[in-house]
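Student: Okay, here's what each chain looks like letter by letter:
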Amino acid sequence: MAENLQVQLARQPEGVPRATDFQVTKAARPSAGAGQFLIRNMYLSLDPYQRGAIAGRHMGHTRLNQGDVIYGRCLGEVIESKHPDYKVGEIVVSESGWQQYFVSSGSAHDEVRKVKPEAPLSAYLGALGMPGLTAWAGVEKLAQPTLGDTFVVSSAAGPVGGTAGQLAKAKGCRVVGIAGGDEKCKTVIETYGFDDCINYKAKDWAERLKAACPNGINHYFDNVGGPMLDTLLTQMALYGKVIMCGLASLYNRTSDGEFAGNNMGPVVGKRAQLLGLVVYDYYDKFPEFQKIGARLMKQGKLAIHEDRVDGLENAPTHFVKLASGLNNGKALVAIAPEKV
Amino acid sequence: MAGGNPQVVLKRQRDGVPVPEDFSFIDGPMPAPGPGQILVRNIYLSLDMFVRKAMRGDHYGYDILKPGDVIHGNNVARVIRSNHADYKPGDVIVVESGWQHYAAVEASKVVAFVDPMLAPLSTAVGALGMPGLTAWASVTHLIQPTLGSTFVVSAAAGPVGAVTGQLAKRAGARVVGIAGSAEKCQLVTRTYGFDACVNYKQADWEDQLKAACPDGIDGYHDNVGGTMLQAVCKQFNLYATVALCGRPNDYNAGGFTGIQMGPFIGKRARVKGLVVYDYYGDRDTFLSVAGPLVREGALKVKEDHVSGLENAIPHFIKLMKGENIGKAIVAVGPEKA
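Heads up: the sequence lines are chains U and Z, in that order.
Going by the working numbering, the first residue of the first sequence is number 16, and it counts up by one from there.
Going by the working numbering, the first residue of the second sequence is number 256, and it counts up by one from there.
Keep in mind the hints are simulated off the structure, nothing from the lab.
Where hints are given, some of them may not hold.
Partial chain Z-side listing against chain U, Cβ under 10 angstroms, derived [as the list claims (entries may be wrong)]:
| # | residue |
| --- | --- |
| 1 | Gly312 |
| 2 | Tyr315 |
| 3 | Thr401 |
| 4 | Gly480 |
| 5 | Leu484 |
| 6 | Asn492 |
| 7 | Tyr494 |
| 8 | Gly510 |
| 9 | Ile514 |
| 10 | Gln515 |
| 11 | Pro518 |
| 12 | Ile520 |
| 13 | Arg523 |
| 14 | Lys527 |
| 15 | Leu529 |
| 16 | Lys573 |
Simulated DEER-style distance windows between Cβ atoms [what the hints assert, rightly or not]:
| # | chain 1 | residue 1 | chain 2 | residue 2 | range |
| --- | --- | --- | --- | --- | --- |
| 17 | Z | Ser279 | U | Gly284 | 26 to 34 angstroms |
| 18 | Z | Gly521 | U | Lys306 | 26 to 34 angstroms |
| 19 | Z | Ala592 | U | Gly284 | 38 to 46 angstroms |
| 20 | U | Gly284 | Z | Gly536 | 16 to 24 angstroms |
| 21 | U | Arg78 | Z | Lys456 | 32 to 40 angstroms |
| 22 | U | Arg33 | Z | Glu438 | 31 to 39 angstroms |
| 23 | Z | Arg269 | U | Glu222 | 31 to 39 angstroms |
| 24 | U | Gly284 | Z | Val544 | 21 to 29 angstroms |
| 25 | Z | Pro569 | U | Arg78 | 51 to 59 angstroms |
All residues carry an ideal CB built from backbone N, CA and C; glycine is no exception.
Kindly produce the complete structure, drawing on both the sequences and the hints.
Tutor: In structure tokens form, the structure reads like this:
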């Protein structure tokens, strides 16, 4: 019998997840029923928000129980179809979960989106996927930086931060990244082309950031929240904007009381604007963004850096690496070859 | 040196809600204006929450007070003598001239000229002064409520909150206040004309707020910060706008109450810091809107007056405890020249 390798929850993680919180199992490979189609997944996207989703802390995701397939977005190919809108051979991204095969009816819940490949396929889970759309919405719709502005982004080596910074750079900003380690900073400067990058694990990172942003920070694309946000707020230029996109520094927390919250004092003093960003609001803009993103890639203005492993069975350890902040670039699992 | 200038000065620096023992009421020296300075006689002293942190040197442009320093404060005052070409004896101005009867000040301390014909003089530090300008900036520049939207104001009985809510109401919003007693709420709904007011000292105030905002909250003018901001956020509609204007609890304590940003992301909230000093240049525009409204009684103001500078001390403590109702003012001296 044909198999479908899956990764399921073994138990709810406490704090930073461990590989033993997951279980790799073999289910029977499904086939498409009436009104359905079958996707063969090639790449699984690993994203920081999945940590919160597993615990039911992320919007639209209920807390997982033991035996549930882990939430995750995959890029794959339609290999069977009894659905009028999906043809065999089409490339799609879907909320398939961590598994090799996925049967969908094309419901809203499955969030199936067709991809017209104009770039490497895996990019449609990163710089041209949801992370890229997040970055584009934050830059073009919320921050709207102008020539010469200073634009700072945290988690700069990741696909959201890396793309946000490159888009801001393409718009004429001075772009400074914040990342956790010298190797990540090297990626941020050498691959993504940021003007500077600060390793926040250095003791004097706040002073270094200040030196890198002598005119103050006009835009802060915040992927981490927490104490770092408090520090950044003190370095904003008057009327600066903070795009509140993620709270990666808090995703592994075991209780809400672990972080006492941010100080709003500097928000008033700097006349800052804090703008919440949720990418789901911009799904209807996906085609527009992907066209622009693919063009920037061809022009050499949007580079990608991936951190991949082969084989779905390695997804848990790769996710632990991501949740521990040890990955460098877009975290991906290559589930199966693009061509079979 | 001869006295003749009653003053309230700092006796000691400490954190927390102020107590009478933090102040001294003394007879200070009569000042003489130096070159370029003006001598003013204070008429109405404005008591404001920000003064608490200004005393600590924790407010833009104010140095920490040392024992013996006169307490910071804005006054409606009359120019007595002038060594500055822009001011002449008899002019009425709003000026940072402190808790005292007379002050010799640099022209840079003058906040504005007051047109004595526009409205009662004391409104120049209330509904037509900094609190009113703050409210106007919040409504017309930061929150910009749309017709039929729901607009919530905390510290609604205070001078900023009262004007904010009334201006938002004039702009076509449904306006709900939050205040700290049934008496304050009565003022807010009956006198200021808000659609509803919730007393946050009642245990179920969040449920009451929800009931008062059946369509959710689109705009929130926050005079309080802290746990109330966090609680009000729960009832935001998507893309709600928040103007952050004051944090009196933080002013007393000298620390801050942390805010969890997660819910603000979920609501796609737009949180904006408001500093009234940015809008001083718009004062004439503001007065052209609010001046006639105050004069005609269309914009209601309630002032909480005491007479005599020595009473500034208990009146300020009352303000910082949230026990006053309306704009806190001390009548220091007569209006007439």
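Student: Indicate, hint by hint, whether the structure satisfies it.
Tutor: We went through each hint and held it up to the structure:
The beta carbon of glycine 312 (chain Z) comes no nearer than 14 angstroms to any beta carbon in chain U, farther than 10 angstroms, and the hint placing it at the interface is violated. The interface hint given for tyrosine 315 (chain Z) is met, as the beta carbon of that residue sits about 7 angstroms from the closest beta carbon of chain U, less than 10 angstroms. Taking 10 angstroms as the C-beta contact cut-off toward chain U, the hint placing threonine 401 (chain Z) at the interface is violated, the least distance being around 18 angstroms. With 10 angstroms as the threshold, the beta carbon of glycine 480 (chain Z) comes within range of chain U, its nearest partner Cβ sitting at about 6 angstroms, so the hint holds.
Proximity of leucine 484 (chain Z) to chain U holds as hinted, the smallest CB-CB distance being about 7 angstroms (cut-off 10 angstroms). Given hint, asparagine 492 (chain Z) at the interface with chain U, is violated; its Cβ is 12 angstroms from that chain's nearest Cβ, farther than 10 angstroms. Taking 10 angstroms as the C-beta contact cut-off toward chain U, the hint placing tyrosine 494 (chain Z) at the interface holds, the least distance being around 8 angstroms. The closest approach between the C-beta of glycine 510 (chain Z) and any C-beta of chain U is roughly 9 angstroms, which is under the 10 angstroms cut-off, so the hint is satisfied.
With a cut of 10 angstroms, the hint placing isoleucine 514 (chain Z) at the interface with chain U holds, because the nearest CB-to-CB distance is about 5 angstroms. About 5 angstroms separates the beta-carbon of glutamine 515 (chain Z) from the nearest beta-carbon of chain U, less than 10 angstroms, and the hint is met. Among the interface hints, the one on proline 518 (chain Z) holds; its C-beta lies about 9 angstroms from the nearest C-beta in chain U, closer than the 10 angstroms criterion. Interface hint status for isoleucine 520 (chain Z): upheld, as the beta-carbon distance to the closest one in chain U is roughly 4 angstroms, under 10 angstroms.
With a least beta-carbon distance of about 4 angstroms to chain U, the hint placing arginine 523 (chain Z) at the interface is held under the 10 angstroms criterion. With its C-beta approaching chain U no nearer than about 5 angstroms, lysine 527 (chain Z) sits inside the 10 angstroms limit, and its interface hint holds. With a least beta-carbon distance of about 7 angstroms to chain U, the hint placing leucine 529 (chain Z) at the interface is held under the 10 angstroms criterion. A least Cβ separation of about 24 angstroms between lysine 573 (chain Z) and chain U goes past the 10 angstroms threshold, and the interface hint is therefore violated.
The supplied range of 26 to 34 angstroms is met by serine 279 (chain Z) and glycine 284 (chain U), whose beta-carbon atoms lie about 31 angstroms from each other. For the pair glycine 521 (chain Z) and lysine 306 (chain U), the supplied restraint of 26 to 34 angstroms holds, since their beta-carbon distance comes to about 29 angstroms. Between alanine 592 (chain Z) and glycine 284 (chain U) the beta carbon distance is about 39 angstroms. The supplied range of 38 to 46 angstroms therefore holds. A hinted range of 16 to 24 angstroms holds for the C-beta pair glycine 284 (chain U) and glycine 536 (chain Z), which are about 19 angstroms apart.
Range check, arginine 78 (chain U) to lysine 456 (chain Z): about 35 angstroms between beta-carbon atoms, so the 32 to 40 angstroms window is met. As the Cβ distance of arginine 33 (chain U) to glutamate 438 (chain Z) is approximately 57 angstroms, the hint placing it in 31 to 39 angstroms is violated. For the pair arginine 269 (chain Z) and glutamate 222 (chain U), the beta carbons lie near 32 angstroms from each other, so the given range of 31 to 39 angstroms is met. The hinted range of 21 to 29 angstroms is satisfied by glycine 284 (chain U) and valine 544 (chain Z), whose Cβ atoms lie roughly 27 angstroms apart.
Hint check: proline 569 (chain Z) to arginine 78 (chain U), Cβ distance near 54 angstroms, so the stated range 51 to 59 angstroms holds.
Of the numbered hints stated above, those contradicted by the structure are hints 1, 3, 6, 16, 22, listed in ascending order.
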